[in-house]
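Engineer: Sequence:
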Amino acid sequence: MIKQYGWSDTLRQTFEPHARAGHSPGRIVAQHRDSYDVVTGEGELRAKLAGRLLHEAREAGHPAVGDWVALSPNPADGAATIHAILPRRTAFVRRAADSVQTLQVIAANIDVAFIVTSLNADLNPRRIERYLAAAWQSGARPVVVLTKSDLADDPGSQADAIAALAAGCPVLTVSARQGLGLDALLAQVAPGETCVLIGSSGVGKSTLVNAFLGEDRMATRAIRESDDQGRHTTSHRQLVLLPGGGLILDTPGIREVGLIDAEEGVSVVFDDVERLIETCKFNDCGHTKEPGCAVREALANGALEPARWANFQKLGAELAEVEARADRIAKDTERRRLAGLQKTYRAAKRDARGGD
Numbered sequence: 005m006i007k008q009y010g011w012s013d014t015l016r017q018t019f020e021p022h023a024r025a026g027h028s029p030g031r032i033v034a035q036h037r038d039s040y041d042v043v044t045g046e047g048e049l050r051a052k053l054a055g056r057l058l059h060e061a062r063e064a065g066h067p068a069v070g071d072w073v074a075l076s077p078n079p080a081d082g083a084a085t086i087h088a089i090l091p092r093r094t095a096f097v098r099r100a101a102d103s104v105q106t107l108q109v110i111a112a113n114i115d116v117a118f119i120v121t122s123l124n125a126d127l128n129p130r131r132i133e134r135y136l137a138a139a140w141q142s143g144a145r146p147v148v149v150l151t152k153s154d155l156a157d158d159p160g161s162q163a164d165a166i167a168a169l170a171a172g173c174p175v176l177t178v179s180a181r182q183g184l185g186l187d188a189l190l191a192q193v194a195p196g197e198t199c200v201l202i203g204s205s206g207v208g209k210s211t212l213v214n215a216f217l218g219e220d221r222m223a224t225r226a227i228r229e230s231d232d233q234g235r236h237t238t239s240h241r242q243l244v245l246l247p248g249g250g251l252i253l254d255t256p257g258i259r260e261v262g263l264i265d266a267e268e269g270v271s272v273v274f275d276d277v278e279r280l281i282e283t284c285k286f287n288d289c290g291h292t293k294e295p296g297c298a299v300r301e302a303l304a305n306g307a308l309e310p311a312r313w314a315n316f317q318k319l320g321a322e323l324a325e326v327e328a329r330a331d332r333i334a335k336d337t338e339r340r341r342l343a344g345l346q347k348t349y350r351a352a353k354r355d356a357r358g359g360d
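Under this note's numbering, the first residue of the sequence shown is numbered 5, with each subsequent residue one higher.
These aren't lab readings, by the way, just hints derived from the structure by calculation. Any given hint could turn out to be false.
Said to hold, decoys possible - Cross-link-like lysine to any residue pairs, in silico, SDA-like; alpha carbons within 20 Å at most:
1) K52 to A83
2) K318 to S271
3) K293 to N305
4) K7 to P247
5) K7 to R50
6) K318 to L303
7) K52 to S39
8) K293 to G306
9) K318 to D288
10) K7 to R93
11) K293 to W313
12) K7 to G47
13) K285 to A302
14) K318 to R130
15) K285 to L303
16) K318 to N128
17) K52 to S76
18) K285 to R300
19) K318 to R279
20) K52 to Q242
21) K318 to A302
22) K293 to Q317
23) K52 to N78
24) K318 to T292
Claimed, not checked - Quick list of simulated restraints, FRET-style, between CB atoms:
25) Q17 to D157: 49 to 57 Å
26) T283 to G249: 43 to 51 Å
27) Q17 to P310: 49 to 57 Å
Note that beta-carbon positions come from the ideal geometry of N, C-alpha and C, so glycine has one too.
Build the full structure now, drawing on both the sequences and the hints.
Structural biologist: Now the structure itself:
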């Protein structure tokens with residue numbers, strides 16, 4: 005069964021030390037408050053973390069949907085204990101809502117990231133840029149999916165506008181209600197590949213999964229007519245096997261992706277802006293009053309959209325703040341470590357003098 009979920013010879017080689025320890029492989033397909041659904045060679049089991057791994061997870065992070073794990077199964081009880089997480093090939097991460105530097109892994113070992121937004125009031129180019137930066141940084145191939153095309157007056161022109169800022173990744177329009185564009189979208193996920201759906205609540209992620217499966221597997225709710233905004237539907241992340249052999253991971257709605265360690269992703273999304281900056285007359289151009297500033301010229305002649313430039317600056321400042329905060333935390337930690345060593349040293353000297 006695990007072969008259907010992406011098990012490969014490469015993973016088998018990586019897993020050898022765990023196999024020698026008597027453990028079995030499995031892939032996490034759903035995450036709950038204190039347990040996980042894991043697909044194994046014994047079928048699907050409900051698993052919990054071993055005590056040691058639970059302790060280590062406080063520092064290194066908990067397993068995520070899509071992770072491959074080493075476990076000890078108990079098929080008779082439909083249960084298992086997870087002992088280790090295999091190294092992740094890719095991971096879609098964001099900054100945790102309550103932390104500046106803590107990573108929250110949304111999906112692990114993914115090949116394709118569907119950035120889903122609807123062609124209504126939810127369509128926000130600045131948010132798409134942020135999602136794209138996180139997607140490129142994850143190692144997955146991003147695909148922008150514009151849903152509810154049947155409700156848009158001119159979906160083609162809207163798609164063209166998004167394609168202009170999408171850093172060369174595919175931009176596809178679909179209507180799950182009318183069955184339009186679904187085949188082209190499914191073609192983006194090859195057999196054995198894993199795709200994650202990223203987007204706000206109500207943009208149609210669960211509806212897409214149901215359309216792919218041909219059944220109402222995922223709960224869905226209509227958007228509010230009052231403000232055209234979505235309402236929370238998916239309560240947990242879940243990995244689903246598609247008829248064509250691919251895998252798709254539905255996620256709860258994410259209104260904002262807090263970036264962390266995403267400099268490369270931002271560079272891909274804003275490659276045009278960075279190339280402009282390179283042509284400024286001065287290497288340390290502040291893009292305000294300096295002569296020969298290519299950015300100011302592009303803003304003046306309309307070649308660069310002011311909102312796109314503002315978002316580039318915003319994301320850059322956000323990443324710089326995260327990096328500075330991480331540096332401060334690292335320095336504080338080292339300072340406390342040295343202070344502890346000095347305290348231990350002084351105490352040892354006092355004890356030695358007392359002994360004399």
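Engineer: Going straight from one Cα to the other, do K318 and N128 come out at no more than 20 Å?
Structural biologist: Between K318 and N128 the Cα gap is close to 15 Å, so the pair holds against 20 Å.
Engineer: Mind checking the alpha carbons of K318 and S271 for me, to see if they're no more than 20 Å apart?
Structural biologist: holds, 13 Å
Engineer: K318 and L303: Cα distance at most 20 Å?
Structural biologist: Status holds; Cα separation ~17 Å.
Engineer: Is it true that the CA of K318 sits at most 20 Å from the CA of A302?
Structural biologist: Given pair K318, A302 holds - Cα atoms ~18 Å apart, limit 20 Å.
Engineer: Taking only the CA atoms, is the gap from K52 to S39 under or equal to 20 Å?
Structural biologist: holds, 5 Å
Engineer: Would you check the hint for K318 and R130, treating anything up to 20 Å between C-alpha atoms as holding?
Structural biologist: holds, 10 Å
Engineer: Just to be careful, I want the Cα atoms of K52 and A83 compared with a cutoff of 20 Å; is the pair within it?
Structural biologist: Measuring from Cα to Cα gives roughly 8 Å; hence the hint holds.
Engineer: Holds or violated: are the alpha carbons of K293 and W313 at most 20 Å from each other?
Structural biologist: holds, 16 Å
Engineer: Hint check: K52 vs N78, CA-CA at most 20 Å. Holds or violated?
Structural biologist: holds, 12 Å
Engineer: Between the alpha carbons of K293 and N305, is the straight-line distance 20 Å or under?
Structural biologist: holds, 16 Å
Engineer: Between K7 and R50, does the CA-CA distance stay at or below 20 Å?
Structural biologist: Measuring from Cα to Cα gives roughly 19 Å; hence the hint holds.
Engineer: Does A302 sit within 20 Å of K285, going by the straight-line distance between their CA atoms?
Structural biologist: The hint holds at about 14 Å.
In summary, the structure agrees with every hint in the numbered list given earlier.
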